[in-house]
Amino acid sequence: MGFKSFCFKKSLWLFHFGGASCNNCDIEILDCLTPRYDVERFGMVLVGSVRHADVLLVNGSINKKDKPRLLEIYEQAPKPVLVVAIGACGCTGGIFAEGDTFAGPVDKIIPVDAYIPGCPPKPEAILAGVVKLMGKN
Amino acid sequence: MSKQTLIPVGPYHPLQEEPELFKLYCDGEIVKDVKWETGYNHRGIEKLSEKKSFDEVFFLVERICGICSTSHPFAFANSVEEIGEVEITDRAKYIRSIIGELERIHSHLLWVGLAGHFLGYNTVFMWAWKYREPVLDLFEMITGNRNSYAMFKIGGVRRDIENSQIPAIEKVLALVKKKTDMLVGAVMDDPVIHARTKGVGILTKEDILQFAAVGPTARASGVDMDVRRDDPYAAYPLVNWKVITAQAGDVFAKAEVRLLEMYESVSIIEQCLAGLKKEKEGEIEVKVKNIPEGFGTGHAEAPRGEVYHFVVSDGSNSPARHKIRAPSYTNIATFKKSCVGQSISDATISLAAVDPCYCCTERLAVALDRGSGERIMNAKEIIEQSTRITNRLLKQA
Amino acid sequence: MVIDEIKKAFAKEILETGIRNERRVTLTIDPGALPAMSEHLYKTLGFRFIIASALHTKKGFEIYYHFSLDKTGLILNLHVILDPEKPEIESLSNMFEATNWIEREMHELFGIDFLNHPNLDQLLSEGNWAIGEYPYRKKFKTNGEVTT
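Protein chains in written order, with the numbering used here: chain U, 1 to 137; chain G, 1001 to 1397; chain L, 2001 to 2148.
These are calculated hints, taken from the structure and not from any lab test.
One or more of the hints may lead you astray.
Stated by the list, open to error - Listed next, the in silico DSSO-like pairs over lysine-lysine satisfying Cα-Cα at most 27 angstroms (straight line):
{"hint": "1", "chain 1": "L", "residue 1": "K2043", "chain 2": "G", "residue 2": "K1047"}
{"hint": "2", "chain 1": "G", "residue 1": "K1337", "chain 2": "U", "residue 2": "K122"}
{"hint": "3", "chain 1": "G", "residue 1": "K1242", "chain 2": "L", "residue 2": "K2086"}
{"hint": "4", "chain 1": "G", "residue 1": "K1051", "chain 2": "U", "residue 2": "K108"}
{"hint": "5", "chain 1": "G", "residue 1": "K1052", "chain 2": "L", "residue 2": "K2059"}
{"hint": "6", "chain 1": "U", "residue 1": "K122", "chain 2": "G", "residue 2": "K1171"}
{"hint": "7", "chain 1": "G", "residue 1": "K1205", "chain 2": "L", "residue 2": "K2043"}
{"hint": "8", "chain 1": "L", "residue 1": "K2043", "chain 2": "G", "residue 2": "K1051"}
{"hint": "9", "chain 1": "L", "residue 1": "K2086", "chain 2": "G", "residue 2": "K1336"}
{"hint": "10", "chain 1": "G", "residue 1": "K1205", "chain 2": "L", "residue 2": "K2059"}
{"hint": "11", "chain 1": "G", "residue 1": "K1047", "chain 2": "U", "residue 2": "K108"}
{"hint": "12", "chain 1": "U", "residue 1": "K108", "chain 2": "U", "residue 2": "K136"}
{"hint": "13", "chain 1": "G", "residue 1": "K1177", "chain 2": "U", "residue 2": "K122"}
{"hint": "14", "chain 1": "L", "residue 1": "K2071", "chain 2": "G", "residue 2": "K1035"}
{"hint": "15", "chain 1": "G", "residue 1": "K1130", "chain 2": "G", "residue 2": "K1177"}
{"hint": "16", "chain 1": "G", "residue 1": "K1052", "chain 2": "L", "residue 2": "K2086"}
{"hint": "17", "chain 1": "G", "residue 1": "K1242", "chain 2": "U", "residue 2": "K132"}
{"hint": "18", "chain 1": "G", "residue 1": "K1052", "chain 2": "L", "residue 2": "K2058"}
{"hint": "19", "chain 1": "G", "residue 1": "K1003", "chain 2": "L", "residue 2": "K2012"}
{"hint": "20", "chain 1": "U", "residue 1": "K122", "chain 2": "G", "residue 2": "K1336"}
{"hint": "21", "chain 1": "L", "residue 1": "K2071", "chain 2": "G", "residue 2": "K1047"}
{"hint": "22", "chain 1": "G", "residue 1": "K1242", "chain 2": "U", "residue 2": "K122"}
{"hint": "23", "chain 1": "L", "residue 1": "K2059", "chain 2": "G", "residue 2": "K1051"}
{"hint": "24", "chain 1": "L", "residue 1": "K2071", "chain 2": "G", "residue 2": "K1052"}
Just so you know, these numbers come straight off a predicted model, no measurement behind them.
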């Protein structure tokens, strides 16, 4: 695993994929960039294309329309890539799991490396989760 | 007809947190036509609501949208309490209004930040979101969570705001007032922002009435409407405040309306806190035995406009039909008027100026906007492509 | 009062009146009268269209068109009941834009046909459910119980 731990040693670039979500988690992820939590001091930025990304942040309950697009985005991400499922909806589907258009939680579609539960998880929880992931690798 | 270039914005774009596909057809730099495609956010909420009891529906509707998280429970509570003819205590009214107005402040600060971000003014983005944090801390102190507060129930509220917490709230309000002064100064007097937002994305009063748009989008075009004043609910008839309107209808007017509304929200909260101190602590709910058969309409003024819930009850413990109309439903349609004919670099800020909340809009799905019959992929093709990709991934694993 | 004025002007078309209080009134009307009444409310009296809600009940397809008169806080619901076998009604979208999307949504979810709508055919929520399937319709058993 020498190559992988080398890749994830320093500043991680994040790409955010929002599924069918209520936006709470999306706002908390954006909150990480703001002065109080300031994830940019670690060199982490949100990038515009998944091909530049080290980490794919997925949140929201994925519906049938998002599913093939999520697969396509995962395929486009250069490997190795870490996938983080954020929020109750990303981990298990949350309260929307019983809906008709629910297409399975994220880990049924793509392999997930870390789960950050919460509704929404506080920015401190998101940072703690990403740091734990870096430590593991 | 000259050739047009298609520029897709989305569905998974770094600027927008939610998946939406805007296809801008441009002739040179001018946008000639906009197609909007959605369905990525559909979660089937109206149908889910029928499976849950009235009290459980509050947790569901709160998560329609994170930013307007209180307005949906507000409208739902107004609607069900109308069916059951429930009268809530004054203390509960004050607490509901306080939560609603605090949410308006944090939502407008969020919009100011995002608008700054879309214009390229990252400093405004960082400052607005930095001064949003104390408001979120207040929420955490009062309700236990930064978003999705679970404060509402039929007959009142779940948690009390104790008199001992009031000084902390007043301290944050003073800070918000000071920082709004700073933001107003930074935004309203800046010549570059004037150049980028004045005259951009104009919606006339006639457009607003045709599309039945609501909220700050309508007030910025001179339409004087606000649910809190027109059909009062909760503590709004008990306090003094005014409705802010502007005449120009462009992005600048919309920004101005939202910033000035923050001052009004602070004033409403201060008056509600004064009212709270006079009421007896602890009387926050009335017992409701059951909701009779019938239907009720409830609306509330969310930060984006009027949220409308229509609930039909058949006497059982769950709604028989729950129709939800979010303000962005009518507001987003106005892009047909505000974006077409503008240059493409103004398209993003025009789209953002109505403060769209796609997750609110799309609890149900609306699809392709205009008809040339063009589709990206139809259902069968999507499934085939998905199967191909999955098989390929499985083989590689 | 506004309601009395409307009731006098459209006395033949109004089948039933339901008044909860002075701010919440529901008029059940003949479906054919919908365009004329909506035009009167919007153009002459200054009502704003809020939204339309459709439900599938044992009587058939019911639609409530919700209008608001902001000056007085009145919400007026126009209620129509459509034939369960062939639910169709005239579209209001040629009169104002505000009904465009909601009529398409009701068509997609319930299968109600809106006649003369500018572009109803292009509607499909790709991938979320199949063509011809109307997810919000209910199935009624013959003894009157509901299954979904």
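For this session: Run the structure past the numbered hints and jot down the numbers of the failing ones, going up.
Result: Structure breaks hints 1, 2, 3, 8, 9, 10, 14, 16, 17, 19, 20, 21, 22, 24.
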